[in-house]
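Chemist: Chain F is fixed; fit chain R onto it per the hints.
Going line by line, the protein sequences match chains F and R.
Plus 1074 on top of the position in the first sequence (first one is 1) and you've got the working numbering.
Plus 4 on top of the position in the second sequence (first one is 1) and you've got the working numbering.
Among these hints, one or two may not hold up.
With the C-beta cut set under 10 angstroms, the calculated list includes, among others, these residues of chain R facing chain F [as the list claims (entries may be wrong)]:
1) Leu28
2) Thr79
3) Thr80
4) Ser83
5) Thr84
6) Thr86
7) Gln111
8) Met114
9) Gln118
10) Gly121
11) Thr123
Calculated pairs, DSSO-like style, for lysine-lysine (alpha carbon to alpha carbon, straight line, at most 30 angstroms) [said to hold, decoys possible]:
12) R:Lys19 x F:Lys1331
13) F:Lys1179 x R:Lys43
14) R:Lys43 x F:Lys1331
Calculated directly from the structure, the hints in this document are not laboratory data.
Where a beta carbon is used, it is the ideal one built from N, C-alpha and C, also for glycine.
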Amino acid sequence: MISAALLKSVITYRGFIFGSVKREFQVKYGNAILGAAWTILNPLALILVYTVIFSEVMHSRLPGVTSTFAYSIYLCAGILTWGLFAEITGRSQNIFLDNANLIKKISFPRIALPLIVVLSACLNFAIIFGLFLGFLIISGNFPGWIMITLLPVLVIQILLAIGLGIILGVLNVFFRDVGQFFTIFLQFWFWFTPIVYPASILPPGVREALAWNPMAAIIGAYQTVLVNGTAPDWVSLARVAVISLLLCIFGLRLFRKRSGEMVDEL
Amino acid sequence: MMGHIQVRNLGKAFKQYPTRWSRLLEWMLPTMGKRHQLKWVLQDINFEIAPGEAVGLIGINGAGKSTLLKLVTGTTQPSTGTVAISGRVAALLELGMGFHPDFTGRQNVMMAGQLIGLTVEELATLMPSIEAFAEIGDYIDQPVRVYSSGMQMRLAFSIATARRPDVLIVDEAMSVGDAYFQHKSFERIRDFRRHGTTLLLVSHDKQAIQSVCDRAILLDGGRLSREGRPEEIMDYYNALIAERENHSLLTREVGGKVQTVSGTLEATVADIVLLDSENQPVEVVDVGAAVTLQVTVEAHAPIPRMVLGYMIKDRVGQTIYGTNTHLKDLALDNVVAGQKVTYRFAFPLNIGPGSYSVATAIVSTDTHLVNNYEWRDLALVFTVVNMRRPHFEGSAWLDPVIDIRTP
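Only chain F is shown next, with the shape it has when bound in the complex:
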């Protein structure tokens, strides 16, 4: 079926995929004096800004949590994981356009391109999340074994991002408005997801609308585990998982149906 042939070509080109991920990493940091430190500095600055503004200036504290670091941890749990989502979707939407020359001139499995994006984003995420975990352990806020429950959450999140990313990537080849639109849409999406603020401060009507935001359930799961140390809400996650799978299937079908036409359009 679809997946068998796809999987085979991916395995054949695994060297190319891993090599590209490695190369991307080197390109990004190889010529910078601080190197990979920039991976951390960027979100660190963001977290610092939010912590100062929201926690110190606006004196917002998380309801029911007293730890000094609680808000910072809450912020990190949201911003770092949102960053992974934003990187995958944001880069996949341009993945075919950016590699137009390669696609037109060389015969290779195109599905390798979004995979490179995902792996590359995961690598960046692993570095920064690893540091975050280190901070949790040192500051004595490590939630313990409950952390394991974050793995399925991460898988669901990546599936959601890649499904959406492939759809956007294909559509963007034919309708360039899609990329522009999604960049703006992502801004609204970020603020409509309880990342810098807790969901509890929203009016009840808006809070109900959050049920329609799959990222709210995912980010919420990270926050529950990392801040409260309790298991995430599996019911809402299951719903997101179904949405993610459907998006992936739709994305792959769209990709297969339009990949021939896509080459002509590039």
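Modeler: Okay, now just chain R, sitting in the frame of chain F:
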């Protein structure tokens, strides 16, 4: 058997939508019918290439050559028909694709090699030979951005041809690099051929097509217009270029070969003959003999400026020598209709043994692209034999005076 190419009913059309919204509407409402028009760039292409065969693909710009190559290599999907290829395919479509300027030559070899389907282990074993063939020395460990374009090309060619493919597809890549590397890369392609690689070559370069290919295919307006021996197709192609402005083009068989005549035919070659030193017509000539090529041209219309040119070609159609009366400052002005002009070109036939042909062109300037009154291939065929000289190789008679000194 590996290296077999079969192309059946191949066609390629691009979708053209009247506005940007039309595509969206068509996608949104698939039941409402098609909103695009198809622009066919290739239609009804059928051919087969046997394992080990070398085929040249010829056609003017826009004839669909590049599209056809992309279909054969699989980067583009056909609208109709199929392409079946057996064996490993290597394509030299655009050299240096996938190179990253900030990485060293060695790192780029690994990446570009993986992109064409080689594994890391294979590349590790091939690396020394890639390095050696590219001849870029210590630069292999420098970033590619400091390479000259020639060095990039050499490295790219070395990667693409690091392992002998079953099918090699070349798109005018050979015209890059210096003369030395061109020879070297061409030699590698010839070597692949000796080992059974099937070759599909696109080129405007007559020499390349005729010296390597067994067969040529001419594409014209997205269709397969002619298929046959390279020199015959090349002659037809040249005539086709000249024929652009509604000129007549006819072909006929001369001694098993196809003679092509094209042009406006306002002036034609009425008679052409090769004469020996006693003014007797000859067909077999000794190496170095003094001969005269006598061409009688008849004007059928007033010709403001008339130039006669001729080319002597060898067996496979490569030009050995060619000149015209424009280059010799002997163009005739205001030739009236009905006038007959006899040209006599006297020269020693300093060429090697073999079969040769003469092609003539009656034009107004240096090239047949401005006014082509008549272009005639295979106007005359003659044979050169070596009767009196010691044996020598090659198509030119460059007899040396030898001076050997032993101290």
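Chemist: Tell me the hint numbers this structure goes against, listed in increasing order.
Modeler: 5, 6
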